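Asks: Chains as they are written, first to last, in UniProt numbering: chain A, 1 to 235; chain B, 1 to 235.
For the record, the hints were derived by calculation from the structure and aren't laboratory data. In this text, all values refer to a predicted model and were calculated from it rather than measured experimentally. Honestly, I wouldn't trust all of these hints.
It does not matter which identical chain is meant; a pair holds if it fits inside one copy or across any two.
What the hints assert, rightly or not - Only pairs whose alpha carbons sit at most 20 Å apart, straight line, appear in this in silico DMTMM-like list of lysine to aspartate or glutamate: (1) LYS227 / ASP80; (2) LYS231 / GLU92; (3) LYS179 / GLU106; (4) LYS105 / GLU178; (5) LYS231 / GLU212; (6) LYS158 / GLU123; (7) LYS205 / ASP124; (8) LYS227 / ASP124; (9) LYS151 / GLU212; (10) LYS179 / ASP223; (11) LYS205 / ASP91; (12) LYS170 / GLU212.
Number of protein chains: 2
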Amino acid sequence: MRPKLVLFGDSITEESFCDGGWGAALAHQFARSADVVLRGYSGYNTRWALRVAARAMEGAGDAPAAVTVFFGANDAALPDRSSWFQHVPLDEYQRNLRSIHSFLKERWPSAVVILITPPPIDEDGRLQYPYTDGPSGLPERTNESAGAFAKACVAVAKELGVPYIDLWTKMQQFPDWEKSFLRDGLHFTPRGNRVLFEEVVQALKGVGLSLESLPVDLPLFSDVDPKDPLKSFDN
Amino acid sequence: MRPKLVLFGDSITEESFCDGGWGAALAHQFARSADVVLRGYSGYNTRWALRVAARAMEGAGDAPAAVTVFFGANDAALPDRSSWFQHVPLDEYQRNLRSIHSFLKERWPSAVVILITPPPIDEDGRLQYPYTDGPSGLPERTNESAGAFAKACVAVAKELGVPYIDLWTKMQQFPDWEKSFLRDGLHFTPRGNRVLFEEVVQALKGVGLSLESLPVDLPLFSDVDPKDPLKSFDN
């Protein structure tokens, strides 16, 4: 039986099967060795995610091998700007991450929970693609706020001893990350998706889930003996 | 609980989560309303698929709402050319399709089985991208053979009274289908993937599985009341 990977997160998870998306890339990479289950909820913060976690995972089936938990981009929206009602205070964000982790581990003790920090924010991009009419001239998300949530996420991961991806830091190591990885200052371009895909592949590898280590589901065509193909499919 | 769509087929299914792939596009389309489960086995014909069907579906979980069965491109390989050992005679191909259908319906009586015919073959493309060294100057697959298998597939679908997608005929209704839809004479370009994606969406709609008819998994962000967000998540 193939192991399962569950992707739990906000819009950046929900849209991860778009062209060039990181979720689709994972499903492609593990096409013969794992099932990728999408549980992305656009606009959700950790407060809302915690409230719905049991319902979100209801139909996800047996214990997954790993779950990515990727929230914070909405929690980090500023409380006094247009996305104010998505904001969650930093200390509650940390508590919620711990609670989501506990929920997942109680349900599936063997599952590895991987925390992903919010990505950096390109404030210029956010002003160019505002969510509301008549932008105030101030972005509803800032890179500074995203960075504070990213650090808080990393701290929770270290405290819990679980793998994490510090996407906020990682992306900013590349030149022109603002336009090259973010199409609207927040959501990913195909190159941005690629960065996260590679980070998730690395994190999975770190917990023993890689193309090299996972068994292939049914014989590969290259292993089928042309002279006696059906023999390859004996149990 | 979200309904599940299982994609059972050969390489064109296995690679359906590549960039612009039809499987990824389905997962994206139904990101909030259905789970797409990939069961693609590169190189497999219906004889091999029938042999492994029980094992392939083992970890697929509860009854899916629909299963696409998309084989024939390998069955239709010519018996006297380089892919000879993938060939399956036309009447056995039909028997195998019936048996795969029976197997799926016995396992999951409520699942809708959708048969997909092999795509057309661009013989020039096959000669440009041969699978073996030193091409013989003759393609290992021909459009005529693929067409015979497509007709046979449609006949089985009509006999069983199940939905089908006559991809062989559909693709050839477009100008320049050879290069525009097929990247190596057999496998799909992004535009070819798009054609199949749209056909599958139509077929699913025909059996009541559409964005309009399927419930959304958890409240949409646009339905969350900014003044009392948590209220939206009450059961």
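Asks: For each hint, tell me whether it holds in the structure or not.
Replies: For each hint, the structure was consulted:
{"no.": "1", "hint": "LYS227 / ASP80", "verdict": "between (71 Å within a copy, 14 Å between copies)"}
{"no.": "2", "hint": "LYS231 / GLU92", "verdict": "between (58 Å within a copy, 19 Å between copies)"}
{"no.": "3", "hint": "LYS179 / GLU106", "verdict": "neither (40 Å within a copy, 52 Å between copies)"}
{"no.": "4", "hint": "LYS105 / GLU178", "verdict": "neither (35 Å within a copy, 51 Å between copies)"}
{"no.": "5", "hint": "LYS231 / GLU212", "verdict": "neither (24 Å within a copy, 46 Å between copies)"}
{"no.": "6", "hint": "LYS158 / GLU123", "verdict": "neither (29 Å within a copy, 57 Å between copies)"}
{"no.": "7", "hint": "LYS205 / ASP124", "verdict": "neither (35 Å within a copy, 41 Å between copies)"}
{"no.": "8", "hint": "LYS227 / ASP124", "verdict": "neither (62 Å within a copy, 28 Å between copies)"}
{"no.": "9", "hint": "LYS151 / GLU212", "verdict": "neither (32 Å within a copy, 41 Å between copies)"}
{"no.": "10", "hint": "LYS179 / ASP223", "verdict": "neither (44 Å within a copy, 31 Å between copies)"}
{"no.": "11", "hint": "LYS205 / ASP91", "verdict": "neither (31 Å within a copy, 46 Å between copies)"}
{"no.": "12", "hint": "LYS170 / GLU212", "verdict": "neither (25 Å within a copy, 39 Å between copies)"}
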